[in-house]
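K.L.:
Chain by chain, the residues:
There are 2 protein chains.
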Amino acid sequence: MTKVRVRPNRPVYPTPAALITCADEAGRPNIITLGETFNISIAHPVILGIAIRKSRYSHELISRTGEYVVNLPTQAIAEQVWHCGRISGRDVDKFAVTGLTPVPAAVVKAPLIAECPINVECRVTAIQVIGDHDLFLGEAVAQHVNSECLDADGKIEVARLGAFAFVLGEFWTLGARMERS
Amino acid sequence: MTKVRVRPNRPVYPTPAALITCADEAGRPNIITLGETFNISIAHPVILGIAIRKSRYSHELISRTGEYVVNLPTQAIAEQVWHCGRISGRDVDKFAVTGLTPVPAAVVKAPLIAECPINVECRVTAIQVIGDHDLFLGEAVAQHVNSECLDADGKIEVARLGAFAFVLGEFWTLGARMERS
Chain G
5 MTKVRVRPNR
15 PVYPTPAALI
25 TCADEAGRPN
35 IITLGETFNI
45 SIAHPVILGI
55 AIRKSRYSHE
65 LISRTGEYVV
75 NLPTQAIAEQ
85 VWHCGRISGR
95 DVDKFAVTGL
105 TPVPAAVVKA
115 PLIAECPINV
125 ECRVTAIQVI
135 GDHDLFLGEA
145 VAQHVNSECL
155 DADGKIEVAR
165 LGAFAFVLGE
175 FWTLGARMER
185 S
Chain B
5 MTKVRVRPNR
15 PVYPTPAALI
25 TCADEAGRPN
35 IITLGETFNI
45 SIAHPVILGI
55 AIRKSRYSHE
65 LISRTGEYVV
75 NLPTQAIAEQ
85 VWHCGRISGR
95 DVDKFAVTGL
105 TPVPAAVVKA
115 PLIAECPINV
125 ECRVTAIQVI
135 GDHDLFLGEA
145 VAQHVNSECL
155 DADGKIEVAR
165 LGAFAFVLGE
175 FWTLGARMER
185 S
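Taken in order, these protein sequences are the chains called G and B.
Start counting at 1 in the first sequence, then tack on 4, and there's your number in the working numbering.
Start counting at 1 in the second sequence, then tack on 4, and there's your number in the working numbering.
Just so you know, not all the hints are guaranteed correct.
Below are the DSSO-like pairs computed for lysine-lysine, each with C-alpha atoms no more than 30 Å apart in a straight line [said to hold, decoys possible]:
hint	chain 1	residue 1	chain 2	residue 2
1	G	Lys7	G	Lys58
2	G	Lys113	G	Lys159
3	B	Lys113	G	Lys7
4	B	Lys159	G	Lys7
5	B	Lys113	G	Lys159
6	B	Lys113	B	Lys58
7	G	Lys113	B	Lys159
8	B	Lys7	B	Lys58
Since the hints were made in silico from the structure, they are not lab data.
All chains should be modelled from the sequences, with the hints used to inform the complete structure.
P.N.:
In structure tokens, the structure reads:
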């Protein structure tokens with residue numbers, strides 16, 4: 005086994021791709037695709053991180069409103085996930101273009117995406133410049149799960165999530181749960 | 005489709021589990037298992053984030069030395085990944101206990117793990133308290149890839165990485181690459 009030295013570039017994988025929703029002051033929603041989202045503080049409180057380039061329209065909206073929703077997608081909407089990453093909400097209504105369905109959130113003004121089985125409403129607690137992205141830290145103020153993803157005990161069942169991962173520029177399905185010996 | 009409100013807890017998935025290596029001033033190495041690592045600044049420069057509880061031995065070592073390596077594991081060493089998360093380097097030599105192989109790094113004093121196909125050497129640029137974890141930001145100063153994971157053009161081939169994901173407390177293999185229409 006030989007190790008080859010390479011130039012670092014977005015090295016870690018697989019990452020949780022997500023559709024991030026936000027809204028302007030008039031309630032007009034937008035969606036940005038991110039290849040990764042971060043569980044930073046796990047429980048007390050739950051703080052999610054998202055990294056957005058300064059040039060993006062969602063950067064401007066979330067900076068102004070201090071609110072966003074992390075919506076975790078399914079394989080069924082993978083094409084919409086790619087598409088939302090290629091167009092700007094400055095030019096088009098991404099809900100109209102993709103056919104995704106906005107649902108009112110419980111706490112924030114940004115909508116949930118109905119087709120995403122997990123939605124986490126966040127309120128921004130800090131914005132930091134970190135290299136080529138700005139890191140938005142957001143405290144999770146509410147979480148929603150599509151009922152068909154819950155088992156009889158109310159626990160989220162991974163196999164029902166239809167999840168996929170972002171892996172070095174590609175989307176990959178999940179395979180099988182690994183048994184522990 | 006009904007949405008059910010739940011208490012947020014480490015909501016996003018699938019995440020890049022990793023073995024983080026560090027070393028004390030005498031060169032004695034340690035390993036900590038993290039369920040997730042973060043690509044925050046993608047390219048200019050590459051900055052990786054890792055979140056560690058203050059009580060962990062690796063928190064102490066990395067705070068003192070300002071260096072760590074992110075080693076991405078394979079399915080073949082999943083048991084060692086679980087095991088390194090259950091024991092403390094204050095008590096045992098985790099390389100000795102797991103049989104994993106330390107390899108000298110190019111820039112930092114912490115070792116690479118031979119069995120991990122991707123190793124990213126990082127120098128700490130900041131440490132921040134974020135809720136129940138401390139976020140270590142580390143600039144990637146070198147990256148290594150096991151040669152058998154590179155294709156004929158020197159590009160990393162995902163299928164050769166043997167990767168798995170951390171998903172809501174479970175380990176899952178990757179399935180298949182999703183074609184784009």
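K.L.:
It remains to establish, for every hint, whether it holds in the given structure.
P.N.:
Hint-by-hint comparison with the structure:
Between Lys7/G and Lys58/G the CA atoms are separated by roughly 36 Å; this puts the pair beyond 30 Å, and the hint is violated. Among the hinted pairs, Lys113/G with Lys159/G is consistent with the structure: their alpha-carbon atoms are about 27 Å apart, no more than 30 Å. In summary, the hint linking Lys113/B to Lys7/G is supported, as the alpha carbons are separated by about 17 Å, within the 30 Å threshold. For a cut-off of 30 Å, the pair hint linking Lys159/B to Lys7/G stands: about 14 Å separates their Cα positions.
Restraint check for Lys113/B and Lys159/G: not satisfied, since their Cα atoms lie roughly 43 Å apart, outside the 30 Å limit. Proposed proximity of Lys113/B and Lys58/B is supported: the alpha carbons are some 22 Å apart, at most 30 Å. Distance check on the hinted pair: Lys113/G and Lys159/B sit about 43 Å apart at the alpha-carbon level, beyond 30 Å; violated. About 36 Å separates the Cα atoms of Lys7/B and Lys58/B, which puts this hinted pair outside 30 Å; it is violated.
The structure is inconsistent with the numbered hints 1, 5, 7 and 8, although it conforms to all the rest.
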